Amino acid sequence: MKASRVAWLFLAPALLVLAVFFLLPVLVALALSFTDYDLYALADLHNLRFVALGNYWVLLHRPQFWAALGHTFYFVGMGVPLSLAASLGAALLLHSPLARCKAFFRTALFAPVVTTAVATAVVWRYLFNTKYGWANHLLGMFGIHPVDWLGDPHWAMPTIILFAVWKNFGYNMIILLAGLQAVPAELYEAACIDGASAWRQFRHITLPMLGPTLLMVAILTVSGYFQLFAEPYVMTEGGPLESTTSVLYLMYEDGFQWWNLGVATAEAFVLFLVMFAVTAAMLRLSRKAVA
Amino acid sequence: MGMASGRGAWLRWVSITVALCLAGCGPRHGDTLVFWTFGPEGEAVASLLPDFERTHPGIHVEVQQLPLSAAHQKLLTAIAGGTTPDMAQLGNTWLPELVELHALAPLRQHVDATQTVVAPDYFTSIWATNISGGQLYGIPWYVDTRLLFYRSDLLKQAGFDAPPRDWSEWRRMLAALSHPERKVYGILLPTNEYEQLLSLALQQPAPLLRDDDSRGNFESAGFRRALAFYVDTFRLQQAPAVTNVEVGNPWDEFGRGVYAFYFSGPWNVAEFRKRLPASEQGDWATASLPGPDGPGAGLAGGASLVVFRASKHQREAWALVEYLSQPKVQQRFYQLTGDMPPRRSSWNSPLLQNDAAMHAFRDQLERVKPTPAVPEWERIAVMMQQVAARAVAGELTVDQAAAEMDRQADIILAKRRSLLEARQ
Numbered sequence: 001m002k003a004s005r006v007a008w009l010f011l012a013p014a015l016l017v018l019a020v021f022f023l024l025p026v027l028v029a030l031a032l033s034f035t036d037y038d039l040y041a042l043a044d045l046h047n048l049r050f051v052a053l054g055n056y057w058v059l060l061h062r063p064q065f066w067a068a069l070g071h072t073f074y075f076v077g078m079g080v081p082l083s084l085a086a087s088l089g090a091a092l093l094l095h096s097p098l099a100r101c102k103a104f105f106r107t108a109l110f111a112p113v114v115t116t117a118v119a120t121a122v123v124w125r126y127l128f129n130t131k132y133g134w135a136n137h138l139l140g141m142f143g144i145h146p147v148d149w150l151g152d153p154h155w156a157m158p159t160i161i162l163f164a165v166w167k168n169f170g171y172n173m174i175i176l177l178a179g180l181q182a183v184p185a186e187l188y189e190a191a192c193i194d195g196a197s198a199w200r201q202f203r204h205i206t207l208p209m210l211g212p213t214l215l216m217v218a219i220l221t222v223s224g225y226f227q228l229f230a231e232p233y234v235m236t237e238g239g240p241l242e243s244t245t246s247v248l249y250l251m252y253e254d255g256f257q258w259w260n261l262g263v264a265t266a267e268a269f270v271l272f273l274v275m276f277a278v279t280a281a282m283l284r285l286s287r288k289a290v291a
Numbered sequence: 001m002g003m004a005s006g007r008g009a010w011l012r013w014v015s016i017t018v019a020l021c022l023a024g025c026g027p028r029h030g031d032t033l034v035f036w037t038f039g040p041e042g043e044a045v046a047s048l049l050p051d052f053e054r055t056h057p058g059i060h061v062e063v064q065q066l067p068l069s070a071a072h073q074k075l076l077t078a079i080a081g082g083t084t085p086d087m088a089q090l091g092n093t094w095l096p097e098l099v100e101l102h103a104l105a106p107l108r109q110h111v112d113a114t115q116t117v118v119a120p121d122y123f124t125s126i127w128a129t130n131i132s133g134g135q136l137y138g139i140p141w142y143v144d145t146r147l148l149f150y151r152s153d154l155l156k157q158a159g160f161d162a163p164p165r166d167w168s169e170w171r172r173m174l175a176a177l178s179h180p181e182r183k184v185y186g187i188l189l190p191t192n193e194y195e196q197l198l199s200l201a202l203q204q205p206a207p208l209l210r211d212d213d214s215r216g217n218f219e220s221a222g223f224r225r226a227l228a229f230y231v232d233t234f235r236l237q238q239a240p241a242v243t244n245v246e247v248g249n250p251w252d253e254f255g256r257g258v259y260a261f262y263f264s265g266p267w268n269v270a271e272f273r274k275r276l277p278a279s280e281q282g283d284w285a286t287a288s289l290p291g292p293d294g295p296g297a298g299l300a301g302g303a304s305l306v307v308f309r310a311s312k313h314q315r316e317a318w319a320l321v322e323y324l325s326q327p328k329v330q331q332r333f334y335q336l337t338g339d340m341p342p343r344r345s346s347w348n349s350p351l352l353q354n355d356a357a358m359h360a361f362r363d364q365l366e367r368v369k370p371t372p373a374v375p376e377w378e379r380i381a382v383m384m385q386q387v388a389a390r391a392v393a394g395e396l397t398v399d400q401a402a403a404e405m406d407r408q409a410d411i412i413l414a415k416r417r418s419l420l421e422a423r424q
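Top line first, the protein sequences correspond to chains Z and P.
Yeah, the first sequence ends on 291 if you go by the working numbering, and it's all consecutive.
Yeah, the second sequence ends on 424 if you go by the working numbering, and it's all consecutive.
What the hints contain is simulated information worked out from the structure, not anything from laboratory work.
All of these numbers come straight from a predicted model, not from anything done at the bench.
Where is the CB? At the ideal position from N, CA and C, for every residue including glycine.
Mixed in with the good hints there might be a few duds.
[Unchecked claim] What follows is a set of in silico ranges between Cβ atoms, one per label pair, in the way DEER data are often shown:
no.	chain 1	residue 1	chain 2	residue 2	range
1	Z	Pro63	P	Pro40	26 to 32 Å
2	P	Arg235	Z	Gly140	24 to 30 Å
3	P	Trp267	Z	Arg287	57 to 63 Å
4	Z	Leu48	P	Asn354	54 to 60 Å
Chain Z with its partners taken away, still in its complex shape (with noise of 0.2 Å):
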């Protein structure tokens, strides 16, 4: 009883902390989601009314909203596998007792990692130029018509894809390393006694003995690109023709550009609905492959 009550102390002030700053907030922003709080609320709060779930139903009736949950969904799908598949890739490369000069390429893959997105961006927007851009430079050395990068529609997400793998899997690929190292030697050099193929042993020891860290590797990630923002910002301004706007670019755009922040909320909310079904699914999913 009294060793319990000291826990508590003890615990108090991080709870402390963790209710003002996180679960407040939070629950503020989930009542904010039931009204209609805009600009007129923010001049006078008679103008606040109660709308209930009706964010939420709108919400769901808005083309855009779907659009942007569309595209948001489209850059996870294909970004998160390239990131990892990019991560990996690279992890195994530094890995590789063939590799030299370790610690150059190591700060040099990480280094996107840290630089700043808006330097980056401007450095990208010049490279998929449509007219002096290198990437058509190097296609039409193919002979293949130029592509309107960031001005196409259907070019502008797989651009930005390109550009957050480039950026991110940086980071992955130092934890992937981590991992690698941390598989025992004895392994490789057992299954080299029995003739195992370089693929069969990444197959049958790397994977399953990375397999852990590849799991938290992709739900971070995963729960990282579904907050798809800086990418389009600061590359296309969720263009062209809308087709980079993510659910978080529209939440943005709703509540600190127009300042509706009741419909902010609600997105927000059920972005992190969304975000929380698929994680677990995934979790779900990798006890059932270990069971």
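Go by the hints and put chain P onto chain Z.
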């Protein structure tokens, strides 16, 4: 023991925290005037202030420069948190919003009592953008409108001696100057900027909103005519369907003749002078906008000086507004920034009068029209352009696009409608 010293430390921390808070949130120095500027104007105004502070020894002005991209958010947050500055530079499309929030101090009685700020000297439509519900909330600081930059040499080669006067002439020139097979176009109209279509729409007699500005009026014959002209320019391949993010360097492309016309604003006068080589400086000029049948109206843009209602330095703030409104100071401001003065008498400076590129602006400013004075306007304009871009891409016909704009405008204005009904 542990308990006692713990409490002592606790008290000490509390007192330190309280002291820090008081230091941070305490009243500012009595006669400091906080002035928010957005964009490059902040630097220019800083060099105008020493003269003001010399003539007003009791007032110290603190200019706080904020980036334009963060301006709107910053203003609303300040209003919500009750931390507004004493005065600010404010784009005139944001004025109705801040008036709705009761954030701005009315200025009529100051204007009535002064000799310096003379209302009739200001361009009429620009002055009008500062009036809301019959009350005056801002004094125009600089003006902005969009018109045509054109390559006079290319026009001459194609057999045109003067810039277009009306739409049909403009269309003929665009047709003669466009060679899409060589990637050469008549005009550059970035598809994510609403000012161009809006300027064409303001040339029409029909208002953009109807029913006391509570519903969209985009299906009016006038707006559809403007939209059709805009969309046709792309369909006839007289303008490339690109956004300003993709264009990269419009000045260089204009110099190389990729575009014969560029629909843009006054800051580009300085940009073209800086970026084009001396040999090409004689080849470009500006022209006021052609209308459907003769000279057309333009967009009444720009920024005003506003004083916040919560400011405790109303008189001092007004003194600075008066100082910055003097024609002499406005002329110096123009020299520093290239921002055009809002007063006719300020245009009597040789700097402006001897500058051929500015004549078209002077002419256009007599024919500008304000946009609807509702807080939702900017959102509606952005929406209008997004739908127009879909029409340009061929997803919608002109009539479908106009109907879609009205539908979305009505959704955006729903709250305004219900408040108007409740007030009646």
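Here's how the hints hold up against the structure:
no., hint, in the structure
1, Z:Pro63 to P:Pro40: 26 to 32 Å, "39 Å, violated"
2, P:Arg235 to Z:Gly140: 24 to 30 Å, "28 Å, holds"
3, P:Trp267 to Z:Arg287: 57 to 63 Å, "60 Å, holds"
4, Z:Leu48 to P:Asn354: 54 to 60 Å, "56 Å, holds"
Going through the hint list in order, the structure does not satisfy hint 1, though it satisfies all others.
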